[in-house]
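Protein chains: 4
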Amino acid sequence: MTSRRPVPRDPQNDYTREQAATRRDFTGADLEHVGSYSFDPAVLPGNIENFIGVAQIPIGLAGPLLVDGEHAQGEYYVPMATTEGTLVASYNRGMRLLTESGGVKTTVVDDRMQRAPVFILDDARQAKELAEWIREHHDAIRGAAEETTSVGRLIDIEQYHVGPMLYLRFDYTTGDAAGQNMVGRATSAACEWIAANHPGHPRYVLSGAIDTDKKHSQMNVLRTRGKRVVAEATIPADLLRDRMGVTPMQLFRMRQVSQAGGILAGSANYGAHAANGLAALFIATGQDAANVAESHTAITYSQLTDDGDYYWSITLPALIVATVGGGTGLPTQRECLELMGCYGQGRVKAFAEICAAVVLAGEVSLASAVLAGDWVSSHERLGRNR
Amino acid sequence: MTSRRPVPRDPQNDYTREQAATRRDFTGADLEHVGSYSFDPAVLPGNIENFIGVAQIPIGLAGPLLVDGEHAQGEYYVPMATTEGTLVASYNRGMRLLTESGGVKTTVVDDRMQRAPVFILDDARQAKELAEWIREHHDAIRGAAEETTSVGRLIDIEQYHVGPMLYLRFDYTTGDAAGQNMVGRATSAACEWIAANHPGHPRYVLSGAIDTDKKHSQMNVLRTRGKRVVAEATIPADLLRDRMGVTPMQLFRMRQVSQAGGILAGSANYGAHAANGLAALFIATGQDAANVAESHTAITYSQLTDDGDYYWSITLPALIVATVGGGTGLPTQRECLELMGCYGQGRVKAFAEICAAVVLAGEVSLASAVLAGDWVSSHERLGRNR
Amino acid sequence: MTSRRPVPRDPQNDYTREQAATRRDFTGADLEHVGSYSFDPAVLPGNIENFIGVAQIPIGLAGPLLVDGEHAQGEYYVPMATTEGTLVASYNRGMRLLTESGGVKTTVVDDRMQRAPVFILDDARQAKELAEWIREHHDAIRGAAEETTSVGRLIDIEQYHVGPMLYLRFDYTTGDAAGQNMVGRATSAACEWIAANHPGHPRYVLSGAIDTDKKHSQMNVLRTRGKRVVAEATIPADLLRDRMGVTPMQLFRMRQVSQAGGILAGSANYGAHAANGLAALFIATGQDAANVAESHTAITYSQLTDDGDYYWSITLPALIVATVGGGTGLPTQRECLELMGCYGQGRVKAFAEICAAVVLAGEVSLASAVLAGDWVSSHERLGRNR
Amino acid sequence: MTSRRPVPRDPQNDYTREQAATRRDFTGADLEHVGSYSFDPAVLPGNIENFIGVAQIPIGLAGPLLVDGEHAQGEYYVPMATTEGTLVASYNRGMRLLTESGGVKTTVVDDRMQRAPVFILDDARQAKELAEWIREHHDAIRGAAEETTSVGRLIDIEQYHVGPMLYLRFDYTTGDAAGQNMVGRATSAACEWIAANHPGHPRYVLSGAIDTDKKHSQMNVLRTRGKRVVAEATIPADLLRDRMGVTPMQLFRMRQVSQAGGILAGSANYGAHAANGLAALFIATGQDAANVAESHTAITYSQLTDDGDYYWSITLPALIVATVGGGTGLPTQRECLELMGCYGQGRVKAFAEICAAVVLAGEVSLASAVLAGDWVSSHERLGRNR
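Residue numbers (numbering that gives the first Met the number 0), protein chains in the order written: chain V, 0 to 385; chain W, 0 to 385; chain F, 0 to 385; chain Z, 0 to 385.
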């Protein structure tokens, strides 16, 4: 490589097979497979810059998974893009058990996306005064925000004080988009309105870091980011024993142990491995894989029923998904969404419910495997370690 | 979809184009692009089950990025697989600034992968006794663990007490593999040895949840999971002003604000958006994208130098990467690693250093953009929001 | 001691010197000093059971401390009850510096006390429905709650979903009382009203643990428990140098280091030692010392001013204090409150401001001492280690 | 009050009744009860400065509590200093149940006190080199540390990297003292040795904030600060029902709910109210009440036994207590320690065990009361709210 040469770019017409090839050649590396893709790069503006080709991530099909949601109803086959052996097989096993148990009940209990600016005042007293002023001018501020978007709706402006600063957390519904850009524009307009209309013309920065974009946070666990979804199932004791080789009481006792372990470790997730299922779904369906950071957090809550069956729930407080925008419209991504009937307008809550149901399937499968003692050996059998 | 039909699978010969096509047909969906891939599915066992095709994730090329590591030395062009517009452009901008500033110094300060079993005793006193016994038998336990692997080396057995339980955290070096399976097998053997040789034959479960596999945790921040890498750079004041439109003092003041915001929110990451760069790198190079959950955590530490320049460091305490095994050997993934000279044996620390340097480039770029006020507008200009 | 004898108690007339002496005798121990107290035990019902005497905790006087609050105005002498050598001297030193710097600006930016019941439904969908119903019946629920109290005002009912549960966080203002009992009664009445009037007659438990009573939590940091108070001061560079032997830049650089340390450790407090000052104030003034658990959390935010001075703020998000009720009316406790003009109705915010100002004094003193290198030696000189 | 007058102090002879009276007069306030104390102020140097008198905190006697520890054996009557009505009664009720259940088994599973300096290098590579050098010179460093103390023993030097910094956590056993000052001196000597003998003469600050002195932290939960103590008991189902009005299954179901609540809130304590019992014990016995901040953290772990009884454990990972030094030798404080046979050398682990047993008694009592529905009403009956 010659030193310090910028990557070639054609300002006029950069999204072509030729330009991609030029850049691949520029690297001097063999990028034959990267250069093998099935679509016209003209679809890519807004998704990538300096395009050179594609990563081909294998997709496995799992299912059927019976979902009883408010939006997703029926049996779903789920495309999972991963390179980790046993992952699809494990989720598949959990899906079978849950489907045989009567399916997964799913509920989107909250829905809000944020941009969180910070106003920096001279002292806390000014910040307190501004906080009051913003409460009083809520409608006008909402108006300014919503003027920038036909979809987004401002549902709350949370206020947090530290020192002379007022952190605001603007919460929006964003339709079927994940909405990070939409809420950024809207909040920018709202802040401009505040800065222009408040007599002190206070300074602000559009993010004071409490939106925790692309980051896990306790804020997200408490206050929701994206969709807050609950997936629940009650697994009959005999089915659990026959299919998984464990009893409800064994699972329940182990739950106490792993919950204590999670608390000890200060974990972001008190279940088993939500990130696995979510990453595989996100990559397959054009979600932003960086949002695994936020979305992987989960709280598990279980009980033994009076009948001795096992009630199992998982709550995902920060599931960030979309069925329009971002990568959802790219060729393979759209096909995978359509396979689940989840592409386009009006589908995002159904998709969120399927995500949560998939996560629960993975929990059931791995937790059982750990207890039944075949976890490592299943890696041995199916995984790379031969 | 017909109800409850399992996904077709050929137990003898499942990794063929024909089987993949059979499964695509089974879904009844149009999966033309998913079915477009450039390699023989025979390479896939150990990476996927129920293969139907691929997700094609666009890759953009960023760079050059000058890295001054112990293992990575020189200028790198970096393949980033993402569907989020402006991401590659933003990282590219940061890379240019850092390269012009003299490059990024990178250091792998720790390296350890875990499996963390839990022994469940009758009471805390038994757990205390077992803890002592394990310390006394450390060499024999290490022997049992290392017999299962030619690569893994047991470097520590951490002990944590809760109630009647003894949580152990086995730490290994794992060569150029991420090593989760390797350390699982080794720890299983170690636990079997303990259970067989301790007079009380104590019960254990192979994971007590404190390995926090596929989860962020404070444990990881403190005690390292995978590579602990530091990337550092000192950016001259005039360069920062000319290229980014901000001064060191502005950045430094804003750092105080966003640090307070991160603390307020209980964030897993006190920088800007490590998950973005890591997810894009992970997908391009066959890393496990689920590990974004662990890897995205970071601590930023900055100072104004006596000369008025800006010293910037980011510490990634739980970066999980590999240059062998997992998805690294698949066609596009391997090409992307080779593009950076990072495929295969003896390359993992160089790759870890590049990852950290890329993250720092993204920090510099986004933090500056936020302050210079063009953050939202750059999304407007390059992103989907047209 | 004879086995299993209950402590003697006179159901009719238990709060007398005689009964206290009977119990002291019962122990067989020498409790001469414990038995030395200056008041009639008849004042004690509601504060203690099985009274045997008192702990005599030495009180030192610190000050003057100049406070510029919305409620506290002027110079205060502060009684601090502690047995830790150097504590009073150290706070005294900080008070002098702050007073010479022009005093401490204090602001109570939020004020709310909680009881947080949990409703346990059959599934998340029922919980979602109940959440909606509660929002619709907010006024009636508030009415039921406020019927139990002439002081408490319900200002918010926060809602949090996990699995099939709806956690509610009832926020009240509680006048000059700390208010835990007041809000317990009011919330109990509110829950009874919900359980009676909602058609499903849902089950609840009065605490679902998210009030985090007597516990630190990120919830408290974010959402306030008790008073959220900010104390701020700008310390001139020359004063800092002359009195403390450090420069603003030294302090500011060290702030970056200790902030990173706090983040690394997952600390509840990013300052130096708020618990020291608060515990001493709480014990002297009849606050509930157990609330040090909640109250000690703090966020420090500092900046170098354009003039090179040091702006220093501390935010206490969960300061729980009272000037009526609890132990505030007991003899020595009341005297200490009166010494600061803070006993009784209408004084709690002034007292909260003084508490925050005292905490800031301690921060300034200890942080400077650590840097100036005399921290250990000051313990040597004044402390027990002779 | 005249402006800005310092508190009167006699450099030669300050610890007298006269000087205390002079200062009380100086305030102009009525401090009659504060001025009523039963001992000679000459005992106070090393415990307080600017002494004016005492806070008289009522002490109630609870017990007996049967403890089956490694160090505490037998039935104990426990002095609790508090002003919160119902606290002593509630703990008393729990003690009775636990004693009737066969007592509380207690185990000190770890014991270590810290001072945690930070070395600040030019870059991470230097920090890595220093880390290695310190491991190699461990014995000499320990020698330098231990030269300052006849009691303290250095048992570990933990290392944590962030940016160009190396945080060290020096762990010591400190005999029967809490030991914060002892380990401060020892670590100072160790750091001086490092700075003098390492060729780079690296800079350090004696606290980099990860000792989290007087602060809760996840670090403490994981790595222990002070004593790590477990208290365990198995409560027979019939006893629980008869005495508390709840069944093991009710308690166990509620445990799942409150555990989820604690996780949601990001709580420092997953039990009920450890801070209550600890604050009362600490004040009575001359412990540093500020350490409630660290000590109140706890992990609860419970199981239903095969017999249907309730196994209950609480783990206190950061219990900081002493039976010598600090306030333990003051008159009422020493009497209270002696009442439990816990004053002086060789008693600290017994005292730590009693503390943990007391905490468990409080958990049992409050958790049962919440479920049995008399929690609020018991406050009504005994507390201030008449």
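To be clear, the hints were calculated from the coordinates, so they are not data collected in a lab.
Do not take every clue at face value.
Claimed, not checked - Cβ pair distances, simulated, as ranges:
no. : chain 1 : residue 1 : chain 2 : residue 2 : range
1   : F       : 306       : Z       : 134       : 39 to 47 angstroms
2   : F       : 343       : W       : 305       : 13 to 21 angstroms
3   : Z       : 41        : F       : 248       : 43 to 51 angstroms
Each residue gets a CB set at the ideal place from its N, CA and C atoms; glycine is no exception.
CB-CB spacing for residue 134(Z) and residue 306(F) relative to the 39 to 47 angstroms hint: Given a distance of about 45 angstroms, which is inside 39 to 47 angstroms, the answer is holds.
Cβ separation of residue 41(Z) and residue 248(F), checked against the hinted range 43 to 51 angstroms: Roughly 44 angstroms apart at Cβ, these two residues keep to the hinted range, so it holds.
Cβ distance range 13 to 21 angstroms for residue 343(F) and residue 305(W), holds or violated: For residue 305(W) against residue 343(F), whose Cβ atoms are near 54 angstroms apart, the range 13 to 21 angstroms is violated.
Of the numbered hints stated above, the single one contradicted by the structure is hint 2.
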